[in-house]
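Chain by chain, the residues run as shown.
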Amino acid sequence: MEQALVELWPILLYFAFTLVLLGGVMLVSTILGPRTRGHSTHLPYESGILPLGNARVKFANHFFLYAIFFVIFDLETLFLFAWAISFEQVGVTGFIEALVFILILLIALVYLWRIGALNIRKRHLPEQN
Amino acid sequence: MQDLLFLVPVLPLASALVLLLTAGRLSPFVVAILGVGSIGLAALLSLFIGLAFVASGEPVFHQVLFNWLPIANAPINAALQLDQLSLVMTGVITGVGWMIHWYAAAYMYDDKDIQRFFVYMNLFVFAMLILVLGDSLVLLYLGWEGVGLCSFLLIGFWQHDPNNVKAAKKAFIVTRVGDTAMMLGLLILFTEFGSLHIATILSSPVPVAQHTLWLACLLLVGGAVGKSAQLPLQTWLPDAMAGPPPVSALIHAATMVTAGVYLIARLHPLFLQVEGILTLVAWIGALTLVLAGIAALFQSDIKRVLAYSTMSQIGYMFLGLGALAFDSAIFHLMTHAFFKALLFLTAGSIIVKLHHQQNIYKMGGLFRSLPLTSTFLLIGLLALVAFPGTSGFFSKEAILAATWQAHTAGPVFWSLGVLGAFLTSLYSFRLLFIVCFGPASQHVEERDFSPASHFVLPLLPLFVLAVVGGFITLDFSRVFAQAAHPHVTLWIEWMPVAVSAFGFVVAWVLYFPRTTPRQVDGTMTRFCRDGLGFDWLYNRLFTQPLRLFARLNKSDVIDHFYRFVAWLNFRLNAVLVTSQNGKLRWYLYGTLAGCVLMLGGLIWWR
Amino acid sequence: MSLQELWLLLPVLIICVGVLTLMLQAAWQRNNVLAQGLTVLTLTLALGALIRQYPTDMRTITLLFEHEPIGGFFSLLLLMVAISVALLQGPYMGKNSKEVAEEFYILLLLSCLGSILLVMSRHVASVILSIELMSLSMLAMLAYNRERKLALEGAMKYLLLSGAATSLLLLGFALLYATSGQLLLTQMLSSPMQLVAKSGFVLVVAGLAFKLSLVPLHFWTPDVYQGAPVNSTLLLTSLSKAAVFALFIKLILLIPPEFEADMVRMLSWMAIASMLLGNWLALQQRSLKRLMAYSAIAHMGYVLVAGVIAMGIDHSLVLEGASYYLLAYLVASILIFAVLTLLSKLDEQQDLDDLPQLQGLFWQHPWLASVMTLAFLSLAGMPITIGFIGKFYLLTLAVKLSAWWLVTAMLVGSAVGLYYYLRVIFTLFAPLQRDIQQTSGAYLSKMWIGVITAGLLLLGILPGLLGDELRRILAIG
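Chains as they are written, first to last, in our numbering: chain W, 3 to 131; chain B, 193 to 798; chain F, 354 to 830.
Just so you know, the hints here were simulated from the structure itself, not pulled from any lab data.
Even for Gly, the Cβ is constructed at its ideal location relative to N, Cα and C.
Worth double-checking, as some hints may not be accurate.
Stated by the list, open to error - Derived lysine-lysine pairs resembling DSSO-like cross-links, with alpha carbons at most 30 Å apart: (1) F/Lys603 / F/Lys502; (2) F/Lys451 / W/Lys60; (3) W/Lys60 / B/Lys746; (4) F/Lys603 / B/Lys775; (5) B/Lys746 / B/Lys362; (6) B/Lys775 / F/Lys698; (7) W/Lys60 / F/Lys502.
Stated by the list, open to error - Quick list of simulated restraints, FRET-style, between CB atoms: (8) B/Val788 / F/Met411: 32 to 38 Å; (9) B/Ser747 / F/Glu613: 25 to 31 Å; (10) F/Arg787 / B/Arg217: 56 to 62 Å; (11) B/Arg755 / F/Glu613: 18 to 24 Å; (12) B/Trp796 / F/Ala527: 41 to 47 Å; (13) B/Arg777 / W/Gly26: 24 to 30 Å; (14) F/Leu366 / W/Ala86: 54 to 60 Å; (15) F/Leu366 / B/Phe382: 41 to 47 Å; (16) W/Ile98 / B/Trp796: 31 to 37 Å.
What the hints assert, rightly or not - Interface residues of chain F toward chain W, partial, derived using beta-carbon atoms under 10 Å: (17) Glu456; (18) Leu528; (19) Tyr530; (20) Gly534.
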């Protein structure tokens, strides 16, 4: 047990530190934060509109999907960047591999395009009954 | 040709399977064709294979079918082996079996369960063939249990009568005792020799302690005694007559009950190594043949007379085995199969003609009304009493002559055998006189079967064989060490004949019906009729104490423990399922707790 | 990467091409039958390629992968499972399903790809990548019918819990890397281990034990199994378990000797707890999918026994036992879920799952009921089925090692298991209560089921057939 402590103390310290930090931040924000309890505290600010109905409604994640596609394809170019830098070293093999890579990306793009994932006006909701 | 050997058992099996899978859908005609045809084909095939085998001059033909259990040092193959002994057995099983199946097709034609009947019958033939053709004791045991099962199913074939079911259960349980003994014997052999392959065991150079071998042989004899209805496990056979007559002919006369004889003959080199075991076999045979002969004298049911006579004749075979006359014992097995099958089937014919009357005192005068059937009966009985020239004469003579000389038997056994011959003659002629002579019965149908009837045709070959079967010379030179053929004085040779003739005279005086015969009833008679009180004794010794014990433990003390275990399991289940409550948060904590537990264990155990 | 290495990767490459082809097909024209045909074709080609160049010794393929006999055997199993799922999906979806077909097959191929790569991995990076590829594509399949509330709930639970488990796995690898400075599995585990490294290894084991649903980390199993469409459940219970087990056994055979005693103790307790708890939990279960989940927990306990013994004695013999047991488990699972699949429809709100719904199945669909009976008997370890041989192997091995606690737990577990397996069988043969609809047609799927059933019986009666082959494979490996 003691030897375990000897070996594990940095990790324990790390855990303790994390706990203290998290607890401290929360504690400090509750103590120091301003608290008002007025009539319009929970209403939106001047230009907003008053909330109506329940917030738990289904909404399309379509824009989110669009963003994800962008991030994915953007990230893929990073690999091409790496390839471009070491172009001389990897030679023909690298060229073929990059070709395959781009081909796969292309197929994915065609797929997305054809199934209508890029069509911004299409609803991606399950049919409601 | 010999390569087709595997087809001999496979044909009946295939037919049984086809009949089983189409249960109740085929017409009786198709069922009969399939059921009889498969055995017929097997019989013809075994005939040709036998000819080819004899012509080849090989001592053993061996055919490996497939590797069954790949045990490392003693693999068990499904392999068949054909030698002179199993050839004779195969011939009897398929040949006599064919005739009996044919007859059975006629006998059972109107029964609504004929398809089930032939499933059992074909399955029986398959099991019996495996028993005699298997090259290892495992296969032999498989066949041994298979025939036991089929016997059970067929004795209780008409299962609507509780008595039949009772008889079937009795047969199964009593033979079971023997089977268990045999199983133990096989296990001993396996531990000693490390194999159950017959040839390996018989030629094994491993020295085995005399008492171990003695025990193994004794247990094997126990198995043989159970299957062959010898003392002290003979009580099931008379009750087994509850089945249809063809079943009695096939299973309880010609084939299954002789399995014990086959077992001892097959393993005889083992028995020869053990001091005194063959004398024991001889004693069993001699006592059984006398006791069964006495019991047969007092029976009133025609099939029970024949059952006791079967028991008695198998007693002769055991006597022969005990007297080292293995070839004569097998010879007698064969001739007995011929004439006893004939007798049982004839009895079946009589029973049909008398509208299912089996009591001999209600028959009488059949010679006039049923001349053809009665002739069959007469010839069968003559062969049974070993009338000179008939098949039974040659085989029984050979056994008795060997008994006189053998060092394992001797004059005492011989005189018991001769006494048995007297009894045989007495009960045979008693049966003949009461059934065929005297005033005619009222129940009998006047017209006999036409000679072209299916009730008669299958009997003809059996009839011929019962008469001339004794002239078949069997060659066992490669299986049994050639026993010096006994040369005994003339009076010893003719004594059994003289005694049989004397029996005929006594039977004439005692039983020839001058008026309507009457059944005598008295304590002694009843004692003899019930098989000399063995049933009573076993009932007292085994059944009643067991039942008493069962009554005492009616509430079953031990069951409480099991009920507690079941209860405990259900409680545990009830407690544990609360942990699967479907809450994600709980699962997450549980998973992490499990992980912490594992880490804690790692640190704790250091 | 040399050409020879590419050649060794051929099965994997075929599956990749299959995925791309399916994507193009979905883009070009949607067609259920075509997609299914392409998938089965791809998997069969991969199977052929794998058999064609079955590894006889260990060969590395780049830094990340290796090709060796045991892995080859597991890959065979994985492809067999994938083919079963692909064949069953057609009848399960029907002709006019509301859900699209191609994506299921794409996901199936992807998870199959992930599992095969996992079996071949020899590097931490490839392990993590392939395990995630397998799990993530499986996750989408778990909620393939988006209108089933239970399916969504199950998939969500799986996502969160599996995420937690993967983070444990990663943390474990991180600790191991921190102490050894190596990322190749062999090198990582061959250096002497301090407590930190040992904790890391335990965390890795925990991460894998989660996927195998071994006891302290088994909580997710029943809910996810019950929610998912039955065909996806089949994939979850067979594909991921087999692949993860292959990696698991590879890892525990690599640990240094001085750490073995600790691991044996820990894994023994996990195995015992899994066998007992799994069987006890299933005792009165009415939902068949939940029952199979508990049964999976118990069976993974049994397989773990093989792993425990493997560390104790001769490796190859134990691997043979473990492979045989796993094969037996896979075969039985495939058959049971296949029957359920043929009786259910993806579009419906619920699969045929409740035990009383199956009452009297034998009297209406005798063949399906017989297949199911055989499969349950095999799970219960009855003779003449492959399950018996599997249990027999394990028991003899455990006895040889004198691991009496394990033996006791195995026996108790089997006895308890018999109760609920037989209960299912009795239900199948009880009098018929209501009409049970079976998918008509689908002869190819049914033939495949027949082939697998025949295998179950054949290997149960003649264990020598595969036993010798396995021994030959593993003796070399």
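Original post:
Broken hints, numbered, in rising order?
Top reply: 1, 3, 4, 9, 10, 11, 12, 14, 15, 16, 19, 20
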